[in-house]
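Trainee: Below, each chain spelled out in residue letters.
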Amino acid sequence: MKFDNKTYMLLETDSFARKALIAGTAGVLLSVIGAFMDHSTFYQAYLTAFTFFTTISLGGLFFVLVHHVTGAHWGIVMRRVAENLACTLPLMGFFMIPLFFGMHDLFHWSHADVVAQDPILQGKAGYLNVTFFVIRNVVYFVIWGWLVHSLRKLSIAQDNGDTEALGKMRRIAAGGTPLYAITVTMFAFDWLMSLDPHWYSTIFGVYVFSGGFLGGLALLSILSIVLRNNGAGDIVTAEHTHDLGKFLFAFTAWWGYIGGAQYFLIWYGNIPEETIYFLRRWEYGWQEVSLFLIALHFIIPFIVLAFRAAKRVPVIIVSISALFLFMHYVDHFWMINPTFNDHHFQVSWMHLTTLLGIGGIYLGFLFKKMGGASIIAMNDPKLQKSIDHTVA
Amino acid sequence: MSILKKHPERDPGTAEAVGGEELLVTGGHTFKTLTDKVSGIVEQKPPAQWWLIFVMAVSGMLLLVGVIGWLAWEGTGIWGLNNPVGWGWAIVNFVFWVGIGHAGTLISAILFLLRQQWRTAINRFAEAMTIFAVITALVFPGIHVGRIWLAYYMFPIPNQMLIWPNFRSPLLWDIFAVGTYFTVSTLFWYVGLIPDLATLRDRATNVRKKVLGFFALGWRGGNRQWQHYEKAYLMLAGLATPLVLSVHSVVATDFATSLVPGWHTTIFPPYFVAGAVFSGFGMVMTLALIARKIYGLEDIITVNHLEKMNKIILVTGSMVGYAYMTEFFIAWYSQNEFEVFAFVNRAFGPYAWAYWIMFLCNVITPQIFWFKKLRRSIPVMFVASIFVNIGMWFERFVITVTSLSRDYLPSSWDYFSPSIWDILTFVGSFGLFFTFFLLFLRFLPMVALSEVKGVLPEADPHFYHQKEGDTK
Numbered sequence: 001m002k003f004d005n006k007t008y009m010l011l012e013t014d015s016f017a018r019k020a021l022i023a024g025t026a027g028v029l030l031s032v033i034g035a036f037m038d039h040s041t042f043y044q045a046y047l048t049a050f051t052f053f054t055t056i057s058l059g060g061l062f063f064v065l066v067h068h069v070t071g072a073h074w075g076i077v078m079r080r081v082a083e084n085l086a087c088t089l090p091l092m093g094f095f096m097i098p099l100f101f102g103m104h105d106l107f108h109w110s111h112a113d114v115v116a117q118d119p120i121l122q123g124k125a126g127y128l129n130v131t132f133f134v135i136r137n138v139v140y141f142v143i144w145g146w147l148v149h150s151l152r153k154l155s156i157a158q159d160n161g162d163t164e165a166l167g168k169m170r171r172i173a174a175g176g177t178p179l180y181a182i183t184v185t186m187f188a189f190d191w192l193m194s195l196d197p198h199w200y201s202t203i204f205g206v207y208v209f210s211g212g213f214l215g216g217l218a219l220l221s222i223l224s225i226v227l228r229n230n231g232a233g234d235i236v237t238a239e240h241t242h243d244l245g246k247f248l249f250a251f252t253a254w255w256g257y258i259g260g261a262q263y264f265l266i267w268y269g270n271i272p273e274e275t276i277y278f279l280r281r282w283e284y285g286w287q288e289v290s291l292f293l294i295a296l297h298f299i300i301p302f303i304v305l306a307f308r309a310a311k312r313v314p315v316i317i318v319s320i321s322a323l324f325l326f327m328h329y330v331d332h333f334w335m336i337n338p339t340f341n342d343h344h345f346q347v348s349w350m351h352l353t354t355l356l357g358i359g360g361i362y363l364g365f366l367f368k369k370m371g372g373a374s375i376i377a378m379n380d381p382k383l384q385k386s387i388d389h390t391v392a
Numbered sequence: 001m002s003i004l005k006k007h008p009e010r011d012p013g014t015a016e017a018v019g020g021e022e023l024l025v026t027g028g029h030t031f032k033t034l035t036d037k038v039s040g041i042v043e044q045k046p047p048a049q050w051w052l053i054f055v056m057a058v059s060g061m062l063l064l065v066g067v068i069g070w071l072a073w074e075g076t077g078i079w080g081l082n083n084p085v086g087w088g089w090a091i092v093n094f095v096f097w098v099g100i101g102h103a104g105t106l107i108s109a110i111l112f113l114l115r116q117q118w119r120t121a122i123n124r125f126a127e128a129m130t131i132f133a134v135i136t137a138l139v140f141p142g143i144h145v146g147r148i149w150l151a152y153y154m155f156p157i158p159n160q161m162l163i164w165p166n167f168r169s170p171l172l173w174d175i176f177a178v179g180t181y182f183t184v185s186t187l188f189w190y191v192g193l194i195p196d197l198a199t200l201r202d203r204a205t206n207v208r209k210k211v212l213g214f215f216a217l218g219w220r221g222g223n224r225q226w227q228h229y230e231k232a233y234l235m236l237a238g239l240a241t242p243l244v245l246s247v248h249s250v251v252a253t254d255f256a257t258s259l260v261p262g263w264h265t266t267i268f269p270p271y272f273v274a275g276a277v278f279s280g281f282g283m284v285m286t287l288a289l290i291a292r293k294i295y296g297l298e299d300i301i302t303v304n305h306l307e308k309m310n311k312i313i314l315v316t317g318s319m320v321g322y323a324y325m326t327e328f329f330i331a332w333y334s335q336n337e338f339e340v341f342a343f344v345n346r347a348f349g350p351y352a353w354a355y356w357i358m359f360l361c362n363v364i365t366p367q368i369f370w371f372k373k374l375r376r377s378i379p380v381m382f383v384a385s386i387f388v389n390i391g392m393w394f395e396r397f398v399i400t401v402t403s404l405s406r407d408y409l410p411s412s413w414d415y416f417s418p419s420i421w422d423i424l425t426f427v428g429s430f431g432l433f434f435t436f437f438l439l440f441l442r443f444l445p446m447v448a449l450s451e452v453k454g455v456l457p458e459a460d461p462h463f464y465h466q467k468e469g470d471t472k
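Those sequence lines, one after another, are chains A and B.
Each residue of the first sequence is one higher than the one before, counting from 1 in the numbering used here.
Each residue of the second sequence is one higher than the one before, counting from 1 in the numbering used here.
By construction, these hints were calculated from the structure, which means they are not laboratory data.
Virtual Cβ for every residue (Gly too), placed ideally from N, Cα, C.
Do not rely on the hints blindly, as some may be mistaken.
Pairwise CB distance ranges (calculated) [claimed, not checked]: (1) T183(B) <-> T131(A): 55 to 65 angstroms; (2) G161(A) <-> P47(B): 31 to 41 angstroms; (3) N82(B) <-> G167(A): 48 to 58 angstroms; (4) I97(A) <-> T183(B): 30 to 40 angstroms.
Derived contacts from chain B toward chain A, CB cut-off under 10 angstroms, selection only [said to hold, decoys possible]: (5) L81; (6) P84; (7) T257; (8) L259; (9) F268.
Pulled out of the complex, with its shape left as it was, chain B reads as follows (with noise of 0.2 angstroms):
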């Protein structure tokens, strides 16, 4: 039996391989230079891209200030809904947003108990995403009755009249559900950020300093510290990992509660959550690199994270082709008239277009992942990654649309088409989604520091000893 080294020596520096793995932060990287790195993108000034885009997602946020506003004042006339579609993009905005920060949440939540140490390099700019991408989600229930003053009536409020949301509907739950999917990740992630944040606080001066300081709540790094910290963590990650799966499966009985061909299905939850997974990665992908090749952190999220990130979306693409084609044999096998037709209707009546992209994209695009050239180049993921947010649009459109455009009463059948509010309304929440996203950017360290440095080989406790010859 072959006795690996147990600590095998190393020198800071050089890029070696350890115990036959392969080194999570290449690039010869130490703490020091680490910190330099990663702590330096928010101390110097931006990069002319990021006010490029910047500038791009200011003015899309102001799109959909202004739409919603037009909405206020005309009401959901000026959306495409007709009669038979009282439910077009706004839900579908909501639930595509809502899933992206799935990602975000598997990756710092599961992964993290799962011991995968190759989350330190994107966890904390997931997470950042999983909490923009819910308040961009968040807008549409608020705006979605076009009476934005009363967007209180989500909300169980005791009032005089006695009228309240009914507790029966998953639309409340799903005020709860995302309510507190938003309070955790958010918690998680600034409990996450403190040793950074004492991190920056330390390299600032004056004012910045000061504010820095405030938020880094007189964090010194202590071993007391850092044994309640990482308590604080575990327990944090422990209450996100249900949330991974109970935010989307709320969102999934929003259909699948309803009596709709199409929607009424057992297997919506898991499938949900799977899909959701599935766009939240594909957006990490898009942003990571992005970013990366931007601000040149092409050490710290090497090509092996990449691939990893890749084999995911590869497994939770095939999770929801499985879901799409379990669908479809058991609407045949029910032998339900309405089933069936509400499927054959998608895969070939008026939205066909719509149900093959979706196809496409979700199923037969992750599907080059199987290649290990594949999931290692960058063009071809950066272009996949792009797919599956298309694909993963369409999946909440199919749903939500083709089942409703057509249902049980032929003579009420109608087709739907957006109307230019709709289209406006969903590119401005890309501008206050990336306004956000740009905003952390620019302000945060995108890279969890603590966290990447603690699975370099230095973190080791017997790092040095080692190095002095002592075999422990």
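So here's chain A without its partners, still in its complex pose (with noise of 0.2 angstroms):
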């Protein structure tokens, strides 16, 4: 890869793009080989791998947003990354199709003989459905897909000179926001909390978004290192890796005060219907991954973090960041896994082959979007002072 000076593009990206896809369409034949051999540990192993994803995109897609609403400067050397990051979700789109073919082997409440006997899920059926579930996340998607299309075409027309188009994109991430909170949250609810369909917590929306947008952060931050090496350190510098460093620091602390209140209020209130989430994830093996989850996903980067050179040094934000990746996907796997495997911990090697298909699907496509338009936002009113920007 090499940033182009005059154009701002950046240039072959698509070696890198045809490695990613060959090694994507390599996993995913293997994942399917294992569904024929393994459906329902393959349909975890799959759910798993696309929420990871789909809210790496979501917190892509958030980045923007926020950035159109405050009218921040600083991060407009990186808003075009954060809108590549997010035009992954019409592919994340795709990807939910087979879920809707595993249905019964994820979710419980899909059942309608367990339904017939439970009489709490007949008072839930209203919203889980099968039929209504499928559309609400059709829609979800159509919504994102929404926004993250006008947003990139009314981005494109910014770089070819149109000076309507920020005054267009700060209304339509202004009216997109609210869009978004009540879309992700019930993203989350659904593909995730309703796989206990009997467990319920007010905060899962919040804590699956804070989640996500940690995870877009830390990809954020590998790409702008990736530009900063391929010759675009004139425009993107230690300064904004800097500030990601610095949003990386208090969303990992944001993480850690969503999860601490979800898990302290429960524990605190000690209802059997709702400690039952934690107590899974406390026996058979399953507390190990708890308390990794913990020290790693918040304790100790929230420690490196805090070091000025941790959020300068390319190679300690990149380790972080790559961290912070890994443990995004702890996270998931931690929330979907034990609803299963209640009795044993257990990682299928389908866990490793649907994270390489879909993770190389997602990343071809991301480097060939990447690749496909100026990696910079050129015509940015505030371009020049987010690449003048110091950290005091």
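Hints given; two lone chains; assemble the complex.
Mentor: Structure follows, in structure tokens:
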């Protein structure tokens, strides 16, 4: 890859994209074989990879929305990259389709005979039924796709000299933010909370959002270093990485706060119908995963990121970001897997192949997008301010 | 690519935009005119309106003292508490006042870390508001059992009878959380005041100079002093930031750790924080609009500032709305009959009037700020800010009273009505708050002078070089 100083394009992304796509295809093929061998394990693993990548893309979308709504200037140099990240959402919508065929493997409430025996699930049937589930999930992706598409179109129009575009993007982002909040919450309730249909927690949507935004920020931080190492170092500087690092610091604390609030209130209340969620994650080897999650998703990165150097030295910020991405996967694994394997800790090889499959195609698609238009929003009126930005 | 001029020329005393951005201070102010304007407020005799409001505030404070005296004499029976509703206006008022404080800390700490320079115009009096709101709030835990002479029981003090407060009780955590909050807020506020106190000192004579000089801690404005000062300020901002979240999260646990339907729900901590910032901004807005008018500060607290505050009111009000809707949805989704009942009862039971006042004020009112015209209209935002204050008081009332008045046992249900003493205590608490606040306006600079000067174009180190044609 090479950044072109004249056109602001990231050239030669194709070779990386091709490699990623080949790896992804291999992952998909292996996963398909797995699906024939053991479809319920396949769907569990596939769901983990699906929600992992979808929430990262949603994190990228949130970055764009917030930048437009607040009019912040520091991150303008990263805006197009975040837009590209959000542009993977339609792809994730495509990856959602196979899950509709695995509803019975994943969702207890989708079995009519189970519901017939269970008055609580009967009460929820107005919301937890397959038809409505499919319809509303398609609606979320249509809303996100529309947001992503219109923001991207206007952003490219801005490159070509459309001075009205910025105002339009701001308006779309402002209106899109409440829509985003509602759809992300419901997405979390649907795919992750309803896995255990008796369990409920009002903060759950915020929890999933906070992990996703952190994941999106981590990927953006890595991509900022990729740009710097490939010739864009005059535009994307250590100052921008530093600020991204500050956001990582703030949002790992935010994730810890939200996760802590959820755990703490359920622990203190000690009602069996609520504590079951954490009890499942505290037995049969799952307690190590829970502790691992607290230590490496929050405590250790929080301490490391408190230091200035950690936010400015590329190798540290890349390592921490990679750790966040890994822990984001563990977080989703932790939310999904104990529901099905409450008597033994289990990782399947299909977790790897689905991650490789969706991930390879995701990255291939992302890098194709990154090479498809200038990688810097070059006509943004605040761009120069963003380039000159220094962290005091 | 457009290359903006880095340091465009600007005459001090003109109001044109710099680099395409609006100036934070209008009216062509220079360092000197700003100093004169802000210091003048405390150096001259206060305007007649100040005296009028001050007399009212002191009367309110005396009323509070009197009511507390009656409470101490007669006991909590003077309040409207009844058997299921053992927690009434005392906790409502406590949460209301603590919440008000949060806007000050958000403005002074979080907006500072987010480099929002517009905060300089409002941060001083918002921080002052925080401190006085916390003081007012702390009255209520002190009096809420009626035996004010036992207020020290709130603290874990070693004693020969080995009686300790329950460390597992959120009420004790409140003491620590709010105590920490008060300490850090006061320190932060005072540190911020030091350069301005020195400015006042340098303009004063005689005793006044001595007193101000004592509190200015020998500030000379030297380079090294500024370096230390800014480091300290940054660290205090960093310390105060988690407090914005922690204090009201702990207050939320007062309710959420109990197994009362409508209280025990996991979203309470962030939801309370959003509500606190929302209510605080409502109060900052009300106070700012009045103070700006009386003292003629329209150039410093401009409509642009107010518009930005209204945007925060819109965002936090919508967050509160999100929490209301999530609670309602999950109550249904849980299919737990007590949860469902608690929320249906809130919206359609005997307290439906309170619920809908809350909903209209907190969720619907801020939505008018989607429109730029309304965001910038002073009368509109004044009325809206009052609505926010009302709505957020009702939110705490709805949470506290509706859940208690109808709990698990229908045989013990009862309707809560406040007595006159409940109402007078609440009215009196405003007197206490405003007495402090008006004294602050009278004796201390209500605008952070040194910080506002720092965001003027003249504060740019290259400003004067640029003027002399130096092309640095």
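Trainee: Against the earlier hints, flag every one the structure doesn't satisfy and list their numbers going up.
Mentor: 2, 4, 5, 6
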